[in-house]
Amino acid sequence: MSGAKILVVDDEPQIRRMMRATLTSSGYQVDEAKTGEEALEKFRAFLPDLVLLDLNMPGMGGLEACRSMRDGSEVPIIILTVRNTEREKVEALDAGADDYVSKPFGMQELMARIRAALRRAPSSLQSGPQGFASDDLEIDFAQRRVRVREKTVRLTPKEFELLRHLVARGGKPVPHRELLQAVWGPDYGDETDYLRVFINHLRKKIEPDPSRPKYVLTEPWLGYRFAIPEE
Amino acid sequence: MITERVSQPLRVTFRLLGSVALVAAVIFVYYRIVPVNSLTVALTLVLAILGIATWWGFTESIAAAIAAVLGLNYFFLPPIGEFTITDPENWVALAVFLVTAITASELSVRARRRAAEAIARSREVERLYMLGQVLLLSGSVRTAAREIVNSIIRTFEIPAAVFFDQSNHEFFRSDERTTSIPDEQLQRIAEIGEPLIDQDQQIAIVPVRLGGLAIGSLGFTGCTLSTAALNALANLVAIGIERARSIDEANKAEAARQSEVLKATLLDALAHDLKTPLTSIKGAVTHMLAKPRDAEEQELLTIANEEADRLNRIVVEVLEMARIEASKLHPDRAPHNIEDIVQATLKAHEESLKGRKVALQIPESLPPADVDFEFIQQVLKQLLDNSLKYSRAGTPLTIATELAGERIVISVADQGRGISIAEQHKIFDKFYRGLAWRDNVPGTGLGLSIAKGIVEAHGGKIWVSSEPGKGTVFSFAVPMFKGELVR
Chain A
1 MSGAKILVVD DEPQIRRMMR ATLTSSGYQV DEAKTGEEAL EKFRAFLPDL VLLDLNMPGM
61 GGLEACRSMR DGSEVPIIIL TVRNTEREKV EALDAGADDY VSKPFGMQEL MARIRAALRR
121 APSSLQSGPQ GFASDDLEID FAQRRVRVRE KTVRLTPKEF ELLRHLVARG GKPVPHRELL
181 QAVWGPDYGD ETDYLRVFIN HLRKKIEPDP SRPKYVLTEP WLGYRFAIPE E
Chain B
1 MITERVSQPL RVTFRLLGSV ALVAAVIFVY YRIVPVNSLT VALTLVLAIL GIATWWGFTE
61 SIAAAIAAVL GLNYFFLPPI GEFTITDPEN WVALAVFLVT AITASELSVR ARRRAAEAIA
121 RSREVERLYM LGQVLLLSGS VRTAAREIVN SIIRTFEIPA AVFFDQSNHE FFRSDERTTS
181 IPDEQLQRIA EIGEPLIDQD QQIAIVPVRL GGLAIGSLGF TGCTLSTAAL NALANLVAIG
241 IERARSIDEA NKAEAARQSE VLKATLLDAL AHDLKTPLTS IKGAVTHMLA KPRDAEEQEL
301 LTIANEEADR LNRIVVEVLE MARIEASKLH PDRAPHNIED IVQATLKAHE ESLKGRKVAL
361 QIPESLPPAD VDFEFIQQVL KQLLDNSLKY SRAGTPLTIA TELAGERIVI SVADQGRGIS
421 IAEQHKIFDK FYRGLAWRDN VPGTGLGLSI AKGIVEAHGG KIWVSSEPGK GTVFSFAVPM
481 FKGELVR
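Just so you know, the protein sequences line up as chains A and B, in that order.
Once you know that position 213 of the first sequence is 213 in our numbering, the rest is easy, because the numbers rise by one and skip nothing.
Once you know that position 277 of the second sequence is 277 in our numbering, the rest is easy, because the numbers rise by one and skip nothing.
Isolated chain A (complex conformation) (with noise of 0.2 Å):
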């Protein structure tokens, strides 16, 4: 997806001058906002395809400003930041963040993070499952629509694409690896933490006691599965 708009959210003047050179060359277009005001401002305005995000910002942080985008908008958000604690990189990902690449990167690595950010789920639902219904969940892939006792839910399309891929796989255990490779890209494999925090909002989500899961398992040292339920 060339010539995509990419929002850089920097307070450092000399990070959004390299950011904007790498990505105008590599053929995006660039805005830049140097606080999580007028990154909210640009986000209306400009209308990212994705946005790349810094958390230390003085004013609004970047974990609010995360949020508020995250808030009524499925756009991607990368964050980028010199904190690589696990507490922050979870912070980060339950704010909304899609993806979290901690300062300082290769460039290579941030291009592919963003390429696989932007490409759209495949929808290759020949392959997949139509949809899944029991008493109290429905899914229809086609629609894009999830169905909790009655009442429709909204999943981000990380928390949609993976439950697809766990009931795609009709009740086998799904690896860490190959969820994250399919829902985040080629690239990914060991962030098993972000799956830890999307498949606990999904769980929260469809689960009628998140805290004992009856649709979303995990399995412990490889990785989770969905339970269609005995009748």
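Any given hint could turn out to be false.
[Stated by the list, open to error] Mimicking DSS-like on lysine-lysine, the simulated pairs with C-alpha atoms at most 25 Å apart in a straight line are:
1. B:347 x A:89
2. B:263 x A:89
3. B:381 x A:89
4. B:389 x B:470
5. B:357 x B:389
6. B:357 x B:252
7. B:470 x B:482
8. A:204 x A:89
9. A:5 x B:381
10. B:461 x B:482
11. A:172 x B:347
12. A:204 x A:214
13. B:354 x B:470
14. B:357 x B:426
15. A:34 x A:5
Just so you know, these hints were derived from the structure itself, not from any lab.
Given chain A, put chain B in place with the hints provided.
Relative to the frame of chain A, chain B by itself:
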């Protein structure tokens, strides 16, 4: 005080003479100027004796009573002009007069003493209250101790006072006049907890205690305070000092916390400021590297990229070390299976472990460890890195875990060249690099000190054993989880 003591007997003599003179004056007036019957004389004399008892005291009133009996007998009871009594009725009258005069005097003196005591008590209470206010306003223990000594002298009008603070072993003396109270005596009273009141030397020392806790002792010279007042004073001082001490401690804890917060903030700011330019450099260089270039450019850009990485590693390790030294390392401890941590570490380092066989020896019955997952993963990574760096490619590694008492010991063994005994002591030191390797193996010499800092922050221990030529075993012990496991 001393001049008063000298004049005391003189004053009593004057008063005694005065009392007798007053009685003589009454008798003279009634005998020579206004002749009245002996009953009137006796009643007037009783009045005079009461007055003497009230104003001067018991001794003076006794003297006056005796003088009055003699006077009555000589001048008013027949036979007049002689110290004899003929009528037995008059004997009774004289005896009644004497007993009445003495009893009344005594009652009067007692009432006066009570009144004086009441005034003294109320004055003491007032002074204690004033001292209490001073104590409540004073700040640290040192200023409180100084304030106590000064305000005791001021409010109780005592010549000199000394406070001994037992916990800091400090003496706060009002002036050199307190040298009559030696340090050893103050210490002894503080220890045994019994007051010492020496009337001859005019000194009083009271222990200062709060509950059973010995705080110190207070000494006074020329002290006229009652024992009750001294005890109250000691209690007040104890409360004041303890209050000041707890404020001191709260302040210290707050200062320590603030300095820790400050250090953490500084380190975060430093991390940000060092990594931000590195991000721009690395971003720019790697972008250029992604495009086809001639060999020379490619080589130079690769060098720039590798050096940016190296600088980043150094920044990360130095900041990590600084964090450990600022004791900012607060492991987020929870029960974790060591096997999970080992597997996660191996998984994260698949790339660098390629071509190596890693044997795992993990007993199934191993209890969970009470550790921070990420931190222990970092230690394990460090030990793995070390083993990889210092052993030949292709040689196998062993990761073993075992339970030793209440600790879980994790060890990483390689079949490398080993470390000499002399060097084994130094390798956990900051910036130490192995002699034989420092020039051809990359590193900052911080990795193992960071691992040590992390293990110690868990209350654990890290060590190395090695046989030169055969290999090295790095081991660390962390506490096992002892609580109830909640699912």
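Against the structure, the hints come out as follows:
no., hint, verdict
1, B:347 x A:89, "19 Å, holds"
2, B:263 x A:89, "23 Å, holds"
3, B:381 x A:89, "20 Å, holds"
4, B:389 x B:470, "15 Å, holds"
5, B:357 x B:389, "15 Å, holds"
6, B:357 x B:252, "53 Å, violated"
7, B:470 x B:482, "37 Å, violated"
8, A:204 x A:89, "19 Å, holds"
9, A:5 x B:381, "39 Å, violated"
10, B:461 x B:482, "18 Å, holds"
11, A:172 x B:347, "23 Å, holds"
12, A:204 x A:214, "12 Å, holds"
13, B:354 x B:470, "22 Å, holds"
14, B:357 x B:426, "29 Å, violated"
15, A:34 x A:5, "17 Å, holds"
Hints 6, 7, 9 and 14 from the list above are not met by this structure, while the remaining hints are.
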